[in-house]
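Chemist: Going down the list, the protein sequences come from chains Z and C. So in our numbering, spot 73 of the first sequence is number 116, and the numbers just go up one at a time. So in our numbering, spot 9 of the second sequence is number 52, and the numbers just go up one at a time.
To be clear, the hints were calculated from the coordinates, so they are not data collected in a lab. Just so you know, these numbers come straight off a predicted model, no measurement behind them. Hints should not be assumed to be uniformly reliable.
Said to hold, decoys possible - With a straight-line Cα cutoff of 27 angstroms, these simulated DSSO-like cross-link-like pairs (lysine-lysine) come out:
(1) Z:Lys246 x C:Lys137
(2) C:Lys369 x Z:Lys137
(3) Z:Lys369 x Z:Lys54
(4) C:Lys96 x C:Lys176
(5) C:Lys369 x Z:Lys252
(6) C:Lys260 x Z:Lys120
Stated by the list, open to error - Sample of chain Z residues at the chain C side, in silico, Cβ under 7 angstroms:
(7) Gln49
(8) Phe138
(9) Leu158
Unchecked claim - Restraint-style ranges between C-beta atoms, simulated for each label pair:
(10) Z:Arg84 x C:Arg132: 38 to 46 angstroms
(11) C:Arg135 x Z:Arg333: 23 to 31 angstroms
(12) Z:Ile218 x C:Leu80: 43 to 51 angstroms
(13) C:Glu166 x Z:Pro88: 49 to 57 angstroms
(14) C:Ser235 x Z:Lys131: 53 to 61 angstroms
Note that CB positions come from ideal geometry on N, CA and C, so glycine has one too.
Number of protein chains: 2
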Amino acid sequence: MPEFRQNLATKEWVIVAWERAKRPHDFQKDSELPKELPPLREDCPFCPGNESKTPPAVFSISARNVSDWSVRVVPNKFAALNPNLSTKREQRGKFLRADGFGIAEVIIETPLHNLTIATMDAEQVQKILRAYKQRYLEVAQSKNINLITIFRNFGVRAGTSLEHPHSQLIATPIIPPHVRDPFQQAMYYYDSQGSCVYCDMVKEELEQKERIVLESKHFVAACPFASRTPFETRIWPKRHTPAYGQISEAEVADLAYVLKTVLAKIRIGLNAPHYNYVIRSAPIGDEDTRYLHWYMVIIPKITTPAGFEIGTGIYINVVPPEQAAKYLREVEVK
Amino acid sequence: MPEFRQNLATKEWVIVAWERAKRPHDFQKDSELPKELPPLREDCPFCPGNESKTPPAVFSISARNVSDWSVRVVPNKFAALNPNLSTKREQRGKFLRADGFGIAEVIIETPLHNLTIATMDAEQVQKILRAYKQRYLEVAQSKNINLITIFRNFGVRAGTSLEHPHSQLIATPIIPPHVRDPFQQAMYYYDSQGSCVYCDMVKEELEQKERIVLESKHFVAACPFASRTPFETRIWPKRHTPAYGQISEAEVADLAYVLKTVLAKIRIGLNAPHYNYVIRSAPIGDEDTRYLHWYMVIIPKITTPAGFEIGTGIYINVVPPEQAAKYLREVEVK
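When you get a sec, could you build the whole thing from the sequences and use the hints?
Modeler: If you want it as structure tokens, here you go:
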């Protein structure tokens, strides 16, 4: 029997299509096996030795071996936004526009061309998460920046053709409805219930148990009750913290383990599917709010949203999250 | 210079990436040329002679030749929703759920396996649009239905692998935030401006002219100011009508011409890309509202939304709509 489920925080609905449900194994054959990559490519702008092909680094973590850096953050050479523009909103007739002011950076995650977070050691993943935090804190100081989004696109189906392991940070002066609407819902929830809706969601997932993929000291990873897509996995900090920049050193170490393990489970269990992950974080200046709670969402790209999803925003999920979580729980990671 | 633009109705922002802009011709090579299809496939459940492979038709338009039907509407055999379920909302712990009550139908657009709207004659397209209206009006009478979404998925990249020309109708008891939020914005706009925001948007597009693809007696087709994706095209009725079911016979004839022509321009100009189209229509019971206005949106699937789009809802559009509209205007359709 199909089922509607509502996301407690955003009030968005999904359809869990139990009757059309695919078994997790069905997705293994859909994805291409990852091709063997070399550890270094001379024509890759992010590989060591090609540092001059990117703008100068704004941040880097040095390493003892391999090369003289282990994580390197550079301005995005093909940035969608530009920090040297005005933020003035202007009318064009009845329509509103502004110059594309913003900051876009690339986090080069390792000098090695052939790694990915699922296959790195945890220490390297910690460095990446620390780089995210450092850049978050510095960019948050920039004038007119209101929102910082950190994300990773892995593979062509997730919107990138660049092989070298990297993530991105984009900071905008704009707070869009996609961020504001859940914020507003979280405020209404707080006004009714007196608690953070995300804290309550995490507690409820822990209580119902069946959708948990992994629980660590500081984080919970689960395929949430109202998952929009098969194997969508969220990683929530247990501590009420609205912004990613507030992550502690102990949490960084813990998150590195959780993120690496979840991505390894997805890679092993589903044949290295392309995926996006995003860190959703409160707007700048709202870091002390009692309503919001940062988290990561990992979305393997194994189904295609179609007209119904475009028209209604109601996603039809053909893998019930209970089955997805059970499957991922059982994938062994060495 | 990149540019932020806001959708007047929904308040959503896009980034028009003038610097990363691709020329329309760049997209021709990306798409596969459509393979030659036979007019009839014995193994196709929607081809004439296989009527018993679908549930009995709920509606059909008979033809003088070819076969005994020219448009046929059947319940979706693999429906995501089921009309024989309860609509009762229930708590599962703190989470809200309901059985998957709803109506899902398939509009089989022609007996001929190898046509598509871009290549049909206008008379056939009129029949399809009339079938949409008939089904809209009948389904709207069903108890507990609050929203009717009519859409078409063309090609694997748009979420369908079924070749036979078809559209779908899905009716839900749920009005999701994706529909409610723009409705609320339209109310606020009406309260401020005293007019329908969609009527004003159409007037403004006609005044600014440069994004118009086609104007007919009753409709305007344009790549809107805040297009989210390359060649996104909207077709608005000029007359203020909230729901698709209110389309007049004269408008059906006119829309058939506009829709067929726009889809033919996209097919010829961009090498038959896969696409979705959706008819956005007011919730049932709100057909007389002064705030809402039905329209069609056509989305060619030629770019891939990535982490930034998932995180913010801000789409980066690499073909400015002015260039997209100019290109489509100049594509000749015989």
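Chemist: With reference to the structure, classify each hint as holding or not holding.
Modeler: Hints, verified against the model:
For the given pair, Lys246 of chain Z sits about 10 angstroms from Lys137 of chain C by alpha-carbon distance, which is consistent with the 27 angstroms threshold. Taking the CA atoms of Lys369 of chain C and Lys137 of chain Z, the gap is near 21 angstroms; set against the 27 angstroms cutoff, the hint holds. Between Lys369 of chain Z and Lys54 of chain Z, the direct Cα distance comes to roughly 25 angstroms. Compliance with the 27 angstroms bound is thereby established for this hinted pair. Simply put, Lys96 of chain C and Lys176 of chain C have alpha-carbon atoms about 25 angstroms apart, close enough for the 27 angstroms limit, and the pair holds.
Using a Cα cut-off of 27 angstroms, the hinted pair Lys369 of chain C and Lys252 of chain Z is violated, with the two alpha carbons roughly 55 angstroms apart. In summary, the hint linking Lys260 of chain C to Lys120 of chain Z is not supported, as the alpha carbons are separated by about 47 angstroms, beyond the 27 angstroms threshold. With a least beta-carbon distance of about 4 angstroms to chain C, the hint placing Gln49 of chain Z at the interface is held under the 7 angstroms criterion. Here the hint on Phe138 of chain Z is kept, as its CB sits about 5 angstroms from the closest CB of chain C, short of 7 angstroms.
A cut of 7 angstroms between beta carbons decides the hint on Leu158 of chain Z: the least distance to chain C is about 19 angstroms, and the hint is violated. Distance hint for Arg84 of chain Z and Arg132 of chain C: a CB-CB separation of about 54 angstroms, inconsistent with the stated range 38 to 46 angstroms. The given range of 23 to 31 angstroms is respected by Arg135 of chain C and Arg333 of chain Z, whose C-beta atoms sit roughly 26 angstroms from each other. Between Ile218 of chain Z and Leu80 of chain C the beta carbon distance is about 47 angstroms. The supplied range of 43 to 51 angstroms therefore holds.
A C-beta distance of roughly 55 angstroms is found between Glu166 of chain C and Pro88 of chain Z, which places it inside the suggested range of 49 to 57 angstroms. Between Ser235 of chain C and Lys131 of chain Z the Cβ separation comes to about 22 angstroms, which falls outside the hinted range of 53 to 61 angstroms.
The structure fails to meet hints 5, 6, 9, 10, 14 from the earlier list, while all remaining hints are met.
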